[in-house]
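These are the residues of each chain, in order.
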Amino acid sequence: MNIPKIPLGTWIESLERWLEANLGAVFDLIKTVIGESVGLLETVLTSVPSFAIIVVIAALSWLVGRWKLALFAFAGLWLIDNLGYWDHSMQTLALVITAALLSIVFGVPLGILCARSSVVRGVVMPVLDFMQTMPAFVYLLPAVSFFSLGVVPGVIASVIFAIPPTIRLTSLGIRQVPEDLVEAADAFGSTSTQKLFKLQLPLALPTIMAGINQTIMLSLSMVVIASMIGAQGVGADVYRAVTQAKIGVGFEAGIAIVIMAILLDRLTQNIVRNNKKSG
Amino acid sequence: MPILEVRQLTKIFGPDPKKGLPLLEQGWSKDRILKEAKLTVGVNRASFTIEQGEIFVIMGLSGSGKSTLVRMLNRLIEPTGGEVLFRGTDVTRMTPAELRNFRRKNIGMVFQKFALFPHRTVVQNVEYGLEVQGVDRATRRSMALESLKLVGLENWADSYPAQLSGGMQQRVGLARGLANNPDILLMDEAFSALDPLIRKDMQDELLQLQEGMKKTIVFITHDLDEALRIGDRIALMKDGEIVQIGTPEEILMQPANPYVERFVEDVDLSKVLTAAHVMRKPETITIERGARVALRMMQERGVSSLYVVDKSQRLLGAIAAEDASRAVQEGLALEDIMQTDLAKVPPDTLLNDLFEKMAEARLPVAVTDGDGRLKGIVIKGSVLAALAGQSAAKVGEAG
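Protein sequences appear in the order of chains A and B.
Note that my numbering has the first sequence beginning at 1, numbered continuously upward.
Note that my numbering has the second sequence beginning at 1001, numbered continuously upward.
In case anyone wonders, no lab produced these hints; they're calculated from the structure.
Predicted, not measured: the structure shown is a model, and the values here were computed from it.
Just so you know, not all the hints are guaranteed correct.
[Claimed, not checked] Partial list, computed: chain B residues near chain A (C-beta under 8 Å):
no., residue
1, ASN1074
2, LEU1076
3, ARG1100
4, ASN1101
5, ARG1103
6, ARG1104
7, MET1109
8, PHE1111
9, LYS1113
10, ALA1115
11, PHE1117
12, HIS1119
13, TYR1128
14, GLY1129
15, VAL1132
Glycine residues also receive a C-beta, built at the ideal position from the N, C-alpha and C atoms.
When you get a sec, could you build the whole thing from the sequences and use the hints?
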């Protein structure tokens, strides 16, 4: 017996063509919104003098963390500036922040839905597994064909790759709220919205913040891949250095990414810790 | 009309619980339903009525279905069958909005593990029920503080629950349950997580609060002593069924079946029985009579003392036989020889609290009501008989 090859690839391609032909306007809108947001953020970050930003971030680090973190922020950012990667780093930061914000805006509500309905959870969770394990290059291609080259498909790819922890941990955080507290909220006649905002979200906040922290880290790890489809920033510097075998440049740009990663990680983690303390 | 009437309230757990209702009707046992229909009977056709202002205790061991039963009263657990009538309105048929309103206005709850919201201060916890109703900030704050004052925690309003001891946390739980002034307060093993001494304090405090509030309280416990101490009436549950409903005395003295009998056999009767249970009818004489009459009465009735009362049976004192004969010889009136420093107790005094008074008093302790009227006397013999306990029922008859 001869079973013919299932034409999965062909189906995907025709689906892609159909989407492009019929939902072009939607993609254009998304492209404009994301492109403008990243552009605006980029303009703000690059037009403010680098020293001002360094001071602000160092001060922020001191506020949420300890003086050690402030010191690291100051020295690390100064090094980036000194090496000449400031503007590119700010471009990267704009991309990462946009991707993280989109992930929060879509991820938290989706996580809430997952926590409330086992049906939604049953659908969403396998999709998340799919998104996290499918090699990023594979969905880079359709992203390019929908949104053309540039920063927008980079943001989209980052969101797809980075949103799962926010969804998962939001759902987990809400489901971990002790049963007797939920029962108490019900017993006093809370609506489900009141229960969500007065009990579940506040108690789930540390867990949700841990998810957002992961999301930011993951989207930062996507910047080199995003640069392959035309996103500007230090990711592009790394990519160029790799293709031209320039070890020194690659290392410098890589250091810039590492410094940003450590700063973003510690900053968000400390916000979580401060929240726990007051809760 | 009773404030709450529960009819045939049933909870069955399983994939298709309704299927179990006719089986219960046919008299299938819980075990048989579990084995043959794969359904778990949580509560089996419980029926009772609760009157305005009483403390109704539902008592049973763990797994007896008492927590499930109380949660069906405000539908934290949906009943499989039966009715819960609150002032005639069936709670089980309420729409979600009606149910929410019922929970907000009419029925409060206190939980075993306190279930305080850890991210809210004490006063924010207490005002939660008012907050979800949309009561404005200033009003709900002052109502919450009022409620905290009832439980003596007004100075802790801005602390977080984690900073409070267990007993204090449950006071907050109680204040939260009372803050929106519900008609009914459900207390699910409210004191079970507390140390024995703290628990007793809380019981006393609840009873004291209840004097003023006259709330209708449904109190769940697995502790018989607690049930007997605070319950106006007790429903005893076993395997999801109510096996007996009655006052503490009825449960103790007329156990409905061997299960209840075994349950109550270890009860310390001195902490349950009161002076009213063991008191006897006293021999009395009105104050206007003379010493000669008194002496003759004592001889006729074979007693060595008489209690002196006025026309409305108010206790004035007592006379002993030797004093009476002295009065006859010396021509004195009863007033002159009467002993007035008698030991007096109210009828609801526990035997446990009577012992000391009895040891000090020369004459039997007098039992008087709030107006000072003599209701009976307590002699040592009847107390001992009561405590011998082997037949609490006989003591009941004697009293």
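Evaluated hints:
The restraint placing B:ASN1074 at the interface with chain A holds, with a minimum CB-CB distance near 6 Å, inside the 8 Å limit. With a least beta-carbon distance of about 6 Å to chain A, the hint placing B:LEU1076 at the interface is held under the 8 Å criterion. A hinted interface residue such as B:ARG1100 counts as satisfied when its beta carbon comes closer than 8 Å to some beta carbon of chain A; here the least separation is about 4 Å, so the hint holds. At its closest, the beta carbon of B:ASN1101 sits 7 Å from a beta carbon of chain A; the interface hint therefore holds under the 8 Å criterion.
Checking B:ARG1103 against chain A by beta carbon gives a least distance of about 4 Å; that is within 8 Å, so the hint holds. For B:ARG1104, the interface hint holds, the least distance from its beta-carbon to any beta-carbon of chain A being 4 Å, beneath 8 Å. This hint holds: B:MET1109 has a C-beta 4 Å from the nearest C-beta of chain A, less than the 8 Å allowed. Below 8 Å, beta-carbon pairs count as interface contacts, and B:PHE1111 has one with chain A at about 6 Å; its hint therefore holds.
For B:LYS1113, the suggested interface contact is upheld, since its CB lies about 6 Å from the closest CB of chain A, less than 8 Å. Hint on B:ALA1115 holds. Least Cβ distance to chain A is approximately 4 Å, under the 8 Å limit. The beta carbon of B:PHE1117 is positioned within 8 Å of a beta carbon in chain A (closest approach about 6 Å), and the interface hint is therefore held. Taking 8 Å as the C-beta cut-off, the interface hint given for B:HIS1119 holds, the closest approach to chain A being about 5 Å.
Hint status for B:TYR1128 relative to chain A: holds, with the closest Cβ pair at about 6 Å, below 8 Å. Satisfaction of the interface hint for B:GLY1129 is found here, the shortest Cβ-Cβ separation to chain A being roughly 4 Å, below the 8 Å cut-off. At a threshold of 8 Å, the smallest CB-CB gap from B:VAL1132 to chain A is about 5 Å, leaving the interface hint in force.
The earlier numbered hints are all upheld by this structure, with none contradicted.
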